[in-house]
Structure formats: structure tokens, C-alpha cells
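Enquirer: Residues per chain are reported as follows:
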Amino acid sequence: MFPLGTFPYIIGGALIGIGVSYIYVTTGLHATQSSFFSTTLSFFTKRPYFQQKQYLDSRSWRITFAAGVILGAFIYTITLSPEGFFTTSVQWWRLAIGGFLVGFGTRLSKGCTSGHGISGLASLSTTSLYAVATFLAVGIGTAMVFQALGVTP
Amino acid sequence: MRTKHFFVFTGGLLFGFGLAFGGMAKQEVVLSFLQLRDLGLLLLLGGSALVTALTINLVPKLLKKPLLGGEFKKRKRTLNKNTIIGAAIFGVGWGISGQCPGSAMASIGVGNIPILIGIASMFLGAYIMGRFFA
Chain A
798 MFPLGTFPYI IGGALIGIGV SYIYVTTGLH ATQSSFFSTT LSFFTKRPYF
848 QQKQYLDSRS WRITFAAGVI LGAFIYTITL SPEGFFTTSV QWWRLAIGGF
898 LVGFGTRLSK GCTSGHGISG LASLSTTSLY AVATFLAVGI GTAMVFQALG
948 VTP
Chain B
37 MRTKHFFVFT GGLLFGFGLA FGGMAKQEVV LSFLQLRDLG LLLLLGGSAL
87 VTALTINLVP KLLKKPLLGG EFKKRKRTLN KNTIIGAAIF GVGWGISGQC
137 PGSAMASIGV GNIPILIGIA SMFLGAYIMG RFFA
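Chains as they are written, first to last, in this note's numbering: chain A, 798 to 950; chain B, 37 to 170.
Excised from the complex, chain A in its bound form (with noise of 0.2 Å):
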């Protein structure tokens, strides 16, 4: 069940709790990613949907935590990391249509791994538990069928 070992999967849990807490204590903001594209994208397009009040008003400091996250994962990469810098073998049409599928379907739910997953559950909200639950059954389902048909990695 767990080949890694248990600790820096809860140790990792632990930091991006206290992360999003430590933001939610001093600014009542809640820390999610998925919103970033749609934010970021305002910047761009002036199509009514980007355009919206609350995109706008979270535009910069959505891209303040975005590059706190870059920044982090950096960090631990050239201290703690045992093996270093990372370049993933999964292969880049899998990336790229993954990556499509992951904006749109994201932005179109409202929520993604940390907004429904970590924020939704958190501020236990149902809605965000039927997303948690579709997402997870989807994405071992989907998961599942690509290993089964021999796509590696």
C-alpha cells in the first residue's frame, strides 16, 4: 500500500495545511489553484466571463501564490530533495491533452484538487465532496484503462 513509506506524504500534508492556514488566518483569502488560470487569463482576453468581478479583484494575488508555490517546490528541490532536480518520462502528448482536459474540466467545475480536495472538504461543503468523489473514481478509472492498454509512462 505505501512503497514509499508513509512520512513525506504526511509531512508534505501537513506543510500545504499549514500553508493554506497560515494564509487563511492573516487574510481570509482561501488558497486554491484552479482559479489562477481564469484570473490570469483576465489579464488577456476582454470576453465577459474573464471579466468578472471576483477574477479581477483576485487576479494579483493569485499569481503572488503561484510563484510562493514555484518558489517552495525550488526550495525543497535544492535543500532537502534526495535525488535533485526532476524531469518526468510521461510523455508529452499525455501532458498536453491531461493539461486540457485538467483546465477545462477544473474551471468548469469550480474547484480542483485543492479547491474542492483541500479548501471544499475542509470547509465541509457536499458539493466539493460529489467533486472529490467524481474526480478520484474518474482519474483511477481513467488511470487504470491507460495502464491497462500498455501506456507507459
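No lab work stands behind these hints, which were simulated from the structure alone.
From the three backbone atoms N, C-alpha and C, an ideal C-beta is built for every residue, glycine too.
One or more of the hints may lead you astray.
Unchecked claim - Output of the computed footprint for chain B on chain A, the stretches with three or more beta carbons under 8 Å from beta carbons of chain B:
# : segment
1 : 805-815
2 : 821-828
3 : 842-848
4 : 857-865
5 : 885-892
6 : 899-908
7 : 931-939
Dock chain B against chain A, hints included.
Expert: Showing chain B alone in chain A's frame:
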């Protein structure tokens, strides 16, 4: 304003550090979770939700407002068919590629250059959704 950005940024550092520490910045780790070969990410997701749940539900009872002022925002989402259809489409993308929005950002920080293809595609997907389906 600057102070708000400081706290959002330093919280983001913890978030990204935790994602990388927990292995989620590696698409291979995510895929091995979704193939049920290593259930560790369940601990990471559950642990982070638990810590956040304690904060979101207890702190507003102890403090009237956030330390920097303003208000504790409520996260409002109403269940409709798009919640579920969107989550299912996201699930397909997650299962194909092992990427989600937060872990993809962290993956830039671990030096994973190919993830930029995935992030560009996420922007495209978010654009098509907002342009034609919202």
C-alpha cells in the same frame, strides 16, 4: 496590500514545499496513486484537508477577523451538473497525465521542463471553457 502579498507568497512557499516533499510534483507518483499501487497521496490530501478544516472551522470562532483585517471569506459553491461534469472531465485529464493545477505549478519548481506543455494546455482548456461554455 503589500503585506497581503507577503503572507500569500510565504504561505505559497509552504504549499509548494509540501507538494514537492510529498512527491506530488512528480506525475509518476500521482499516476501510481491513481493506479492504486501507492496510496500515499491519500494521506497527503487527507492530512492537508484535516489541518485546513481545523483552521477554517475553529479560527473564525476565536478571531473576529483575519490578522490583516478584512473578513474570513466563505467558500461558496452550489452543486449543479457542471460541478460533476467538470470534475469528471478533470478526472480524465488527471488520470491521463498525473497533473493537477497545484502540483503542476510545484512541478515547475522541481525543474520539470515538460510540465510547461501541460500548463500551457491548462490555460487553453480554461480559456475554451470560459469562452464557449460559461
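Enquirer: State for each hint whether it applies.
Expert: For each hint, the structure was consulted:
Counting residues of the segment 805-815 of chain A whose beta-carbon sits less than 8 Å from any beta-carbon of chain B gives 11, enough to reach three: the coverage restraint holds. Against chain B, the segment 821-828 of chain A contributes 8 residues with a C-beta closer than 8 Å to a partner C-beta. That satisfies the three-residue criterion, and the hint holds. Beta-carbon proximity to chain B at under 8 Å applies to 4 residues in the segment 842-848 of chain A; the threshold of 3 is reached and the given coverage holds. Counting residues of the segment 857-865 of chain A whose C-beta sits closer than 8 Å to any C-beta of chain B gives 7, which meets the bar of three, so the coverage hint holds.
Counting residues of the segment 885-892 of chain A whose C-beta sits closer than 8 Å to any C-beta of chain B gives 6, which meets the bar of three, so the coverage hint holds. Coverage of the segment 899-908 of chain A by chain B holds [criterion: at least 3 residues with CB-CB distance below 8 Å; count 10]. With a cut-off of 8 Å between beta carbons, the segment 931-939 of chain A has 9 residues touching chain B; three or more are needed, and the interface restraint holds.
Hint violations for this structure: none, all hints satisfied.
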